[in-house]
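**Q** This is what each chain is made of:
Protein chains: 6
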Amino acid sequence: MSNMQTLGVVRRTIERADPAAVAALSRFGVATLHEAMGRLGLMQPYMRPVYPGAKLCGTAITVLLQPGDNWMLHVAAEQVRAGDVVVAACTSACEDGFFGDLLATSLRAQGAHGLVIDGGVRDVQELAQMDFPVFSRAIHAKGTIKATLGSVNIAVVCAGVLVNPGDVVVADSDGVVVIPASSASQVAAKAAEREAKEQQKRAQLAAGVLGLDMYQMREPLSKAGLRYID
Amino acid sequence: MSNMQTLGVVRRTIERADPAAVAALSRFGVATLHEAMGRLGLMQPYMRPVYPGAKLCGTAITVLLQPGDNWMLHVAAEQVRAGDVVVAACTSACEDGFFGDLLATSLRAQGAHGLVIDGGVRDVQELAQMDFPVFSRAIHAKGTIKATLGSVNIAVVCAGVLVNPGDVVVADSDGVVVIPASSASQVAAKAAEREAKEQQKRAQLAAGVLGLDMYQMREPLSKAGLRYID
Amino acid sequence: MSNMQTLGVVRRTIERADPAAVAALSRFGVATLHEAMGRLGLMQPYMRPVYPGAKLCGTAITVLLQPGDNWMLHVAAEQVRAGDVVVAACTSACEDGFFGDLLATSLRAQGAHGLVIDGGVRDVQELAQMDFPVFSRAIHAKGTIKATLGSVNIAVVCAGVLVNPGDVVVADSDGVVVIPASSASQVAAKAAEREAKEQQKRAQLAAGVLGLDMYQMREPLSKAGLRYID
Amino acid sequence: MSNMQTLGVVRRTIERADPAAVAALSRFGVATLHEAMGRLGLMQPYMRPVYPGAKLCGTAITVLLQPGDNWMLHVAAEQVRAGDVVVAACTSACEDGFFGDLLATSLRAQGAHGLVIDGGVRDVQELAQMDFPVFSRAIHAKGTIKATLGSVNIAVVCAGVLVNPGDVVVADSDGVVVIPASSASQVAAKAAEREAKEQQKRAQLAAGVLGLDMYQMREPLSKAGLRYID
Amino acid sequence: MSNMQTLGVVRRTIERADPAAVAALSRFGVATLHEAMGRLGLMQPYMRPVYPGAKLCGTAITVLLQPGDNWMLHVAAEQVRAGDVVVAACTSACEDGFFGDLLATSLRAQGAHGLVIDGGVRDVQELAQMDFPVFSRAIHAKGTIKATLGSVNIAVVCAGVLVNPGDVVVADSDGVVVIPASSASQVAAKAAEREAKEQQKRAQLAAGVLGLDMYQMREPLSKAGLRYID
Amino acid sequence: MSNMQTLGVVRRTIERADPAAVAALSRFGVATLHEAMGRLGLMQPYMRPVYPGAKLCGTAITVLLQPGDNWMLHVAAEQVRAGDVVVAACTSACEDGFFGDLLATSLRAQGAHGLVIDGGVRDVQELAQMDFPVFSRAIHAKGTIKATLGSVNIAVVCAGVLVNPGDVVVADSDGVVVIPASSASQVAAKAAEREAKEQQKRAQLAAGVLGLDMYQMREPLSKAGLRYID
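If you read the protein sequences in the order shown, they are chains A, B, C, D, E and F. Residues 1 to 230 in my numbering are what the first sequence spells out, letter by letter. Residues 231 to 460 in my numbering are what the second sequence spells out, letter by letter. Residues 461 to 690 in my numbering are what the third sequence spells out, letter by letter. Residues 691 to 920 in my numbering are what the fourth sequence spells out, letter by letter. Residues 921 to 1150 in my numbering are what the fifth sequence spells out, letter by letter. Residues 1151 to 1380 in my numbering are what the sixth sequence spells out, letter by letter.
Please note that a few of the clues may not be correct.
[As the list claims (entries may be wrong)] Here are the simulated EDC-like pairs of lysine to aspartate or glutamate, each with C-alpha atoms no more than 16 angstroms apart in a straight line:
hint, chain 1, residue 1, chain 2, residue 2
1, B, Lys376, C, Glu679
2, C, Lys606, A, Asp213
3, E, Lys1066, F, Asp1168
4, C, Lys515, B, Asp361
[What the hints assert, rightly or not] According to the in silico footprint, chain C covers these stretches of chain E (three or more CB under 8 angstroms from chain C):
hint, segment
5, 978-988
6, 1004-1013
7, 1061-1069
[As the list claims (entries may be wrong)] Computed far set for chain A versus chain E, every beta-carbon distance over 12 angstroms:
hint, residue
8, Thr13
9, Tyr51
10, Lys55
11, Ala93
12, Met130
13, Ala196
14, Lys197
What the hints contain is simulated information worked out from the structure, not anything from laboratory work. This structure is a prediction, so every number in the text was calculated from the model and none was measured. All C-beta atoms in this analysis are idealised placements derived from N, C-alpha and C, irrespective of residue type, glycine included.
If we strip away everything but chain A, and leave its shape as in the complex, we get:
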C-alpha cells in the first residue's frame, strides 16, 4: 500500500482501538500518556482548547480539509460512532472558522466526543455552553465554502502528528496526544505504572526531599563537572 494521501475518498470501515483500552487511557492526562509512549505522539503546542477545562478522549475519525472549505466535516459526521473524536487536518495552513455550533450539534448527535482541528473554529461561547470540547490552532469567525473534495478516514498529519483512523486521541489543558490503536493497551499500562511512581515522588518532594537526592543526581552532576561556589 502506498503512503500517498488520496483525495476524494471516504473509508467507511475502520479499526478502532479496543474500547477497554480507550477507557483506560481516558483516565490519564496528556503529559503522562506522552511519557508512556516514550515521549512521542504530541501535537504542536499551538493546539489549544477553545474554552477553559475542555478535555476529550476518543477514537479518531480523520478528515483532510482544503483551505477555507469545510465540506468534508459534513461527510465525516456520517462516519462518527459513539466515542469518536473528529481529527481534521488541512492541505495547507488556514485559520478560517471551519467549525461552529451547528456542526458541534451534529457531531454530538452522532456520538462524537469532540474535535481536534488544525485550523480555526467559531461560536466558541456556544461550544463552551454545550461543553463540546474543541482543540484548535485558532479562533476565527471567517466562514468557509463547500467546493473541493478532501478525504475522510485516511492517514493525516495533524499539527505535526500522523493520525490514522481509529487511533486514540486524548486532549486536555496540556495539549493533544495521539496513541496508535495497536499500542493503546500497552500505553495505558505504562501510564498507570508511571502515575503510581509519581504519587510516591510527589509525597517525598512535598515533604522536602530534594529531587537531587530522590533521583540520585548528585553523582552524575558532579561527574559532568558541576561546581558549587560561594
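Model the placement of chains B, C, D, E and F on the given structure of chain A, informed by the hints.
**A** Showing chains B, C, D, E and F alone in chain A's frame:
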C-alpha cells in the same frame, strides 16, 4: 476627496450609524454578522478579548496612533458620545501598552462602550473588574509617550479592516467585525434571517439528521467524484 | 569580573533584595512598577500566566537551562529559600515542557513563590489547583532530559531582561517585571507616589474631566499642529 | 457610497493616476516616498520581493481573492493596461501559491509592471528569469482552485494599507508603498525636495560632520536631560 | 505493523524508489510535482534553501532527532547510498544548528545529494561554496549535543509531511515536495503531461490570449454571478 | 553598581577589548566563536544580514533606543572610534526603520565597522552598494522620530544577549555572537584550537571515514540502546 490618510486632524462631526440599526446589530454574534455581510468585515484573528466574556457593540470613533505613543487616545476621548466604541490603529505594528484603567475610566465616563486596538493594553485585571470590554493584539505593561500627532475620526485600517468613523463595531469571543454605517440596517435584517434559519437547522441536526441530507450535499459530492470505500 | 556567562556553576551565596523592600514591592502591579523604574525592566509580552489570576513576587534564583533539558531546575531547587522565585532562561529558544506539578511540589516545599520560565511547562491544571504561579512562553507537554549542565545563580537574560540572582521579580496578568535588588526600596517608593497620584486622576476622569484638561495637553497639541475640522 | 466591500464585481472603468506623476514617482525609492507622504502608506514589512533586485512602479488594478482561490487573478488580467500593477488582497490570511509563471506571462503580455500580493506565489526562479517583479508575503508551491468570486477594482486592504484602483504602487527592496492617485504629483514633488536635501546631508555626514551638529540636536537633547558621564 | 514511532532504531534495509523514476522526477520543479500528485506532498513554506539556487532530488534517508541533539545525523550518514537525501525531523520544534560543513562533507563523501531538515543549520557560507543543497526552517549557529537516541529510517513527519525511507524528495526555490516511492513513476508521468500542456498555455498567454478565454472561464464566472460595472 | 539600566546617559569612556584580540577574533566565523565560548553568546536567529555576504567584527558601542525613535543613534555616532560596531537594542520590540544610508554614511565616516540592531532598517540597496554591514531583525522603510531619550554605552540586552560597551561583536551569514572584552584573547585562542582540529576532521570525513568511527560513537550509542534492524 483623497483616500490619503492625514496626520494631525480631528474630525468633530461624524455620521454615526442609525441607533436603531446599532441596537438591532447588538443582538447578534460576530460570526452571524460576518456571514450577513457576505463573509466580509472581519478583523484578523489575533484580535482577542483581554478578559473572558468581553463583548461590545457601538459606533466607531477612529484613532490613528503612532508606535509607542497614546496621545491621540486622550484627544479621542473628547469626541466620544454615549454608545461609541474607540477603534485604534497604529502607523506601524506595536504591542506597547497604549491603554490602561485610567483611560478606561475616562472613556466610560464619556459614554464609550469599549475599545478595539491594534496594539497592546495593560491593567487587564482592572479592566475585567470594571467590565470595560477591550479587544487587542497584545497584553503588555509597556508605557507609552505623548509626543507625535496622529489623527481622530479619519478612515483607518485596523487589524486588516477599513473602519470609517460612525461604522458599527461588534466584538465577542469570536473576534471583531465592522459594519459600514450605511449598511447597518440591511446587515441586521440579513442577520435576523440567518439566525432564524439556523434555529431550524440546529433542531434537525440535534435530532440526528445529517448535514449531508439537510443541505442536500450527497449529489454534488458524488458529482465531484467522492468515493466511498470499505 | 567578566560578564561572560559560565556553564556548570552553582552559586550558593547570593545577595537577596531587602525583605522589607520586597514586601513593599509586592503591593504593586507590574505596570506601576515598570513605570516607577523609568519604563524599564519588563519581560517580553509573550510571557503569560499559565492560569488566570496567577501572580507572584519574590527574589530571583536564576537558572540557565539547555534546550530540552531540565536538569538545572532540580539543582536550583536546593538553592531556594522562603520567598524566592525561580527564573529560568534557556541557551536557545525551546518550548518543551521543562516543568510540571512534581517540580512545583518540590519548589513549594522549599519555600518558592513561583516560577518564571522562558520555555514551556506542563500539568497546568494541577498548577492551577495548587495555585503555584507560573509565567511561561508556552504550555507544552513535551518531556525533557537531564544530560547537560547549565548554571544556577548567574546573571541570565530571560525573555529579553537581564536578571541577577537576588533581584525582585513581580508578575501578574500584565506581565513580568524585574527590579534590581539594589533599587528595590527606591522603586517601591516611586511606585507608591505614582499610585497615590493615579487615585486622584482616576477620580477626576470618572467625574468626566478629560485627560486633555487634566494633563494640560491642549496647548502642546496645538503647538504640534493639531487641527480640528467639522 | 458605502465603504462596504462587495464580492462578485469587476469595475472596468477606473481613474488611474496621472502618467506624468507616475513617471515622476518611479524615480524614487520606497523610503523616500513614504517620508514624502508624511510617513504613511507603507505595507507591512512581511511583504518582500521574491527575487533580489525586484522593483516596480505602476497604477493599481486591485483584486480581492478568496483563500486558496486565484480565479479573480484571471479576471483581473483582462483589466490590465500598460503600466498597471496588480495588487491582490485576500479575504483571510493565506499563503497558498496563487500566482506563478503562467499568470506572470499573461500579465506581462497585457502590459503589467508586476504584482503585489498578500499571499503566496510560486515558480520564483522563472519569475526571476523573466524579471517580472513580485512582492508577496510567502513563497509556496501550493496550488489554488477557481471556485468562489472575489472582486476586481474595488477598494482593498492589502498588507495593512487601503488601496484604491488607480493608486500608484511603488516597491523595492525596502518594501511597498501606496500613493493615492490624487496625491501623486504632490508626493512626487515632496520626494524630489527631500532627495535634494538628503544629498547635501550625505555629503556633510561623509565629511565627518555629526548628525548632532548638522541637525542641531545638542540643545534639545540637553533640555531633555541627556547627561554625559565618563 | 503499528504506526507508533519508535526511538533507538536504525533500519538498514530500505526500499528506495526506482532509480529511473527518481531520474525522471529530477527533471521537474516542485510546483509541477505537487500538482502531479493531486496537490499533495508539500512541506510547509517555512522550509527554505539556505543559499540561492539550491536544489536537490533523491531518495530519503529519514532521521528523527531530539531537540538540540544531532547524534542521529552521524548514525544516518552510515546508511547513505549514492543519490540519497537525508530528511531530518525533530521530536519538538527546535531551531538549533544541527548541521554544518563537517557533516555536509561527510554526507557528500557517502554520496548524499543534500539535506532537508525541520531545524536549524550553520556554516551556510561553506555550504554554498560546496554547493551542498540544504533546505531548513532556520539558520542558527547554536551547537548541539550527542546524548539522546532518535531513530533512522522510520516514518517521520517533517514540516507537516509524512516521509518514509526511500521516498523521493525534490526541493527547489519553491519549497520541498515528497513523492512516495510507490508512486514515483506515476507522478513523473503526470508531471510530464502537465508540463507539456503548460508549454502550450504559456505560448498562448504570451501572445495575449487571456486565461478567461483559454480556460473558458467566462461562462462559469457569469453563472457564479460575476457582474461587470463601469 | 546596580544592574538597573538608566535612561538619558551617555558614557564617553569605555574599555574596549584589546585590539590584537579583536584582530584575532576577526579571522573566525560566528559558529566557531560560539563554540569556543562554550556554546554561549549567540543572538537569536531572527537577526539576519540585510544583504548577502555582509560580515563584521568590532568593539561594541551600545545603544538603547525607544520604539519608533532613532535619536540615540545620532548620539552614539559621536562615540564611535575606528573599529567599533554599533549595537542597538530597543526598550520594546519594534520593526520600524531606525537606520538608513545617511546614518550609515555618518557611522562609516566615524570609523564604524557596521551595525547590529534589534529593530528594522531601510535603504538596504544603498547599504549593499556601500558594503556597510548591517544585521537586523527586519527591513522596513517606516521612518522614526527623535523625541525620547535612551542611553549610549550602558549594558543592553540585544536579541537575547547581554552586551557591554567594548565587547567584541562578530557577525556573518550564520548570525551574531558577542564575546566579552575580558574574554577576547582566550576565546580567540580556543577558536584557533578548534579550527585546527576541524581541518583534520574535515579531511577524514571527506575521505569517507564516518563520524561514528572518527568520534568513537559506536560504543556510547550501543550503551544507550541503539538497535540496528533490517
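**Q** For every hint, state whether the structure bears it out.
**A** Consistency of the hints with the structure:
no. : hint                    : result
1   : Lys376(B) x Glu679(C)   : 13 angstroms, holds
2   : Lys606(C) x Asp213(A)   : 14 angstroms, holds
3   : Lys1066(E) x Asp1168(F) : 35 angstroms, violated
4   : Lys515(C) x Asp361(B)   : 20 angstroms, violated
5   : 978-988                 : holds (count 3)
6   : 1004-1013               : holds (count 3)
7   : 1061-1069               : holds (count 4)
8   : Thr13                   : 18 angstroms, holds
9   : Tyr51                   : 25 angstroms, holds
10  : Lys55                   : 22 angstroms, holds
11  : Ala93                   : 7 angstroms, violated
12  : Met130                  : 31 angstroms, holds
13  : Ala196                  : 23 angstroms, holds
14  : Lys197                  : 20 angstroms, holds
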